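Student: Chains S and B supply the protein sequences, listed in that same order. According to the numbering used here, the first sequence holds residues 116 to 404 in order. According to the numbering used here, the second sequence holds residues 599 to 957 in order.
Don't read these hints as lab results, they were simulated from the structure. Computed from a prediction, not measured in an experiment: that's the story for all the values here. Do not rely on the hints blindly, as some may be mistaken.
As the list claims (entries may be wrong) - Listed next, the in silico DSSO-like pairs over lysine-lysine satisfying Cα-Cα at most 30 Å (straight line):
(1) B:Lys705 - S:Lys122
(2) S:Lys122 - B:Lys892
(3) B:Lys705 - B:Lys756
(4) B:Lys705 - B:Lys847
(5) B:Lys649 - B:Lys661
(6) B:Lys661 - B:Lys935
(7) S:Lys400 - B:Lys919
(8) B:Lys756 - B:Lys847
(9) B:Lys865 - S:Lys400
(10) S:Lys309 - B:Lys892
(11) B:Lys814 - B:Lys661
(12) B:Lys855 - B:Lys882
(13) S:Lys134 - B:Lys814
(14) B:Lys756 - S:Lys400
(15) B:Lys820 - B:Lys865
(16) B:Lys690 - B:Lys892
(17) B:Lys855 - B:Lys935
(18) B:Lys820 - S:Lys400
(19) S:Lys400 - B:Lys855
(20) B:Lys892 - B:Lys661
(21) B:Lys938 - B:Lys849
(22) B:Lys690 - B:Lys865
(23) S:Lys400 - B:Lys938
(24) B:Lys847 - B:Lys661
(25) B:Lys705 - B:Lys822
(26) S:Lys309 - B:Lys690
(27) B:Lys756 - B:Lys865
(28) B:Lys865 - B:Lys892
As the list claims (entries may be wrong) - Here are a few chain S residues that sit away from chain B, every Cβ distance over 12 Å (derived from the structure):
(29) Asp230
(30) Leu339
(31) Gln340
(32) Ala374
Just so it is clear, CB atoms sit at the ideal spot from N, CA and C, and this is done for glycine as well.
The lines below spell out each chain.
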Amino acid sequence: MNIERLKARIALFRTNFFKFLLFNLFMRYYWLEWMLPFHVVNLVLGASTWIFFGKSFQEASPIYQQYGGDFVSFLILGLMLNSLYTYTLDAFRVATLFILRGRVGSMGQQLSMYDYLKLSGIPFSAPLLAFVVNGYIEELISIFIYFCVGLLFGLRIGGGNYPVALLGVLVGLLAVAGIGLISASMITIVGAWKGVEPIRWLVGVLTGLVSGVYFPLEVLPAQLQAISRVLPQTYAMRIARLALLQGFGLSELWADFAALTFIASILFPLGVALYRYSIDLVRVKTLVE
Amino acid sequence: MRAYAIETVDLTRTYVRYNYRGVRVSMDIENNPGGLLLSLYNRYFNRNVVKEEVVAVDHVNLKIPQGELVCLLGPNGSGKTTLLRILATLLKPTSGTAYIMGHDIVKEEGEVWRHVTYIAGLLTGGAWMDARLTPRQILTIQSQLYGFPRDRIEDALKLSGLEEVADVRVATFSTGMLARLSVAIGLLRDSPVYLLDEPMSGISRDVAEEIYVHMKENIVRKAKAAILYATHNLIEAERYADRVILMHKGKVIAQGKPEELISSIFKEMSIEFEVSNCTREILKLVEGVSGISKFVELGETGEDSSRFVVYTENPRGVLPKVISTIVENGGEVRYVKVNKPTLEDLFIRIAREKLGDQS
């Protein structure tokens with residue numbers, strides 16, 4: 116591909132990406148208007164429940180000492196990251212389903228949004244990433260609400276190592292996005308477009324139990340701790356917590372970083388490859404068998 | 599470089615479906631991962647589930663040059679829409695390939711869309727139409743999206759008969775007006791190949807005729823574009839198509855100029871007569887006129903008048919002879935009708951004779 120062609124493609128992507136992003140933000144403004152107050156209540160009450168639950172036995176448990184001894188900070192960071200990673204798991208699948216399933220039909224003719232994109236020459240990646248980014252904008256609101264609840268209950272992350280924590284969160288995002296892309300590719304590969312997708316289901320149920328969102332992994336039996344080492348969320352949360360609550364740097368966290376980077380380097384390329392294959396498959400298989 | 603605007607080479611598209619004791623079942627995964635296990639069980643272990651391959655397009659070979667309007671005819675399920683969707687790169691062929699302006703639809707799909715405008719009836723505009731906008735605003739958005747000059751918008755509005763309502767909100771439009779706007783959006787692109795899937799459904803006859811004339815004069819004759827046009831309307835096809843392609847059960851069963859196709863299949867035409875004062879002797883004389891291959895009496899229609907039909911390969915030669923035979927012998931011709939076979943007759947004949955389809 117020559118340079119001019121590449122430039123044209125990038126320009127086409129950029130133009131359409133921002134068009135779809137604005138379109139989606141505009142279309143979903145109702146979310147802020149009507150849903151946000153209830154969303155805030157949900158998150159505040161949910162986080163408060165866990166905080167009060169934890170406070171009832173916090174003093175007795177020495178396990179939290181390695182995370183600075185503060186259960187509220189431990190939990191709020193876990194909830195914030197869990198919210199971010201749970202969205203990342205679903206983002207590509209939901210956006211893909213929106214593009215593939217949105218259909219206009221009349222007299223036996225059917226065209227999907229995917230068809231329109233193809234007929235208009237708009238790269239598939241433009242609306243896909245626009246929808247995903249739009250979801251992250253909404254997700255940031257949730258994370259901010261958790262942060263506010265944390266401040267209310269005495270969240271202490273003032274002396275943390277922010278760059279290392281951020282790096283850990285980003286590498287974790289890459290790894291979880293890999294799982295999300297694999298999950299999204301199952302829409303066409305195994306026809307998982309109606310209900311819960313099996314890979315997403317498995318990772319989802321394991322994350323709550325073994326990745327250390329609500330409690331340190333040390334309380335789990337050895338077998339479950341072994342399973343937790345397969346999930347990238349485990350490492351990302353550990354890195355973020357230790358960096359922010361104990362001020363640890365790369366030298367203390369290198370083992371977690373190495374494991375997380377290894378997982379990300381496998382999952383993300385695999386996810387991209389499978390996803391590309393699955394989108395190509397749209398024209399071979401039809402969603403309605 | 600290939601010489602044709604559209605060329606297909608053994609183009610085939612099959613679908614797989616599964617039947618459980620004769621009832622079609624879905625292999626999609628529903629509700630939870632148990633659905634995956636059920637799907638795998640049904641697919642590979644359940645002996646009552648039978649895999650069936652449905653051929654939607656069956657080894658289709660077409661060559662359509664630029665500057666030709668070709669109608670794709672066939673009943674529902676004959677593969678017309680699938681063929682058009684493959685050519686528009688919305689579906690991949692199972693085997694074979696096709697070329698649009700020399701670009702392989704499988705290997706160069708990124709190039710193909712630039713040369714193709716696909717109009718699927720009301721749908722093409724449907725998704726892009728915002729009911730709060732006016733036709734002029736919608737076409738302006740389209741001009742930005744597809745990158746065609748804005749001055750063409752006025753032409754499109756005029757051609758689609760929307761000039762007077764160009765600044766009226768689409769929300770107030772009737773189905774026919776929406777269809778016109780849909781066609782206008784498609785025609786604006788000015789591409790060398792148009793794939794039209796029943797674009798006139800919902801459009802009144804007068805507007806449809808205007809659009810046909812525009813397509814034929816401006817798009818096909820002047821701009822030398824190729825139009826492949828799927829329709830059920832055999833009368834329209836006979837009137838406007840340079841060539842017709844008949845499809846049945848995924849196969850192309852005949853193709854050619856409408857009149858040539860008809861005359862190649864129907865060697866004979868029938869001429870229906872109603873006559874009065876026509877004695878049995880006169881009828882005998884008519885039966886003996888040279889060029890008549892078959893003579894069928896239809897009986898008396900009233901006092902002194904009767905009807906009969908003659909079959910001939912040469913209606914122009916036979917008709918005056920029959921009339922003069924009747925008149926010279928004291929009879930009177932009241933009514934004559936030459937029954938010209940239509941594309942519909944042709945389609946039914948071919949489907950029955952070639953494919954044994956009695957439906």
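Student: Each of the hints needs a verdict: does it hold here or not?
Tutor: Taking the hints in turn, this is what the structure says about them:
no., hint, verdict
1, B:Lys705 - S:Lys122, "holds, 22 Å"
2, S:Lys122 - B:Lys892, "violated, 73 Å"
3, B:Lys705 - B:Lys756, "violated, 38 Å"
4, B:Lys705 - B:Lys847, "holds, 27 Å"
5, B:Lys649 - B:Lys661, "violated, 34 Å"
6, B:Lys661 - B:Lys935, "violated, 38 Å"
7, S:Lys400 - B:Lys919, "violated, 63 Å"
8, B:Lys756 - B:Lys847, "violated, 39 Å"
9, B:Lys865 - S:Lys400, "violated, 45 Å"
10, S:Lys309 - B:Lys892, "violated, 63 Å"
11, B:Lys814 - B:Lys661, "holds, 19 Å"
12, B:Lys855 - B:Lys882, "violated, 38 Å"
13, S:Lys134 - B:Lys814, "violated, 36 Å"
14, B:Lys756 - S:Lys400, "violated, 41 Å"
15, B:Lys820 - B:Lys865, "violated, 35 Å"
16, B:Lys690 - B:Lys892, "violated, 51 Å"
17, B:Lys855 - B:Lys935, "holds, 24 Å"
18, B:Lys820 - S:Lys400, "violated, 39 Å"
19, S:Lys400 - B:Lys855, "violated, 35 Å"
20, B:Lys892 - B:Lys661, "violated, 39 Å"
21, B:Lys938 - B:Lys849, "holds, 26 Å"
22, B:Lys690 - B:Lys865, "violated, 41 Å"
23, S:Lys400 - B:Lys938, "violated, 45 Å"
24, B:Lys847 - B:Lys661, "holds, 20 Å"
25, B:Lys705 - B:Lys822, "holds, 25 Å"
26, S:Lys309 - B:Lys690, "holds, 23 Å"
27, B:Lys756 - B:Lys865, "violated, 44 Å"
28, B:Lys865 - B:Lys892, "holds, 13 Å"
29, Asp230, "violated, 5 Å"
30, Leu339, "holds, 20 Å"
31, Gln340, "holds, 24 Å"
32, Ala374, "holds, 27 Å"
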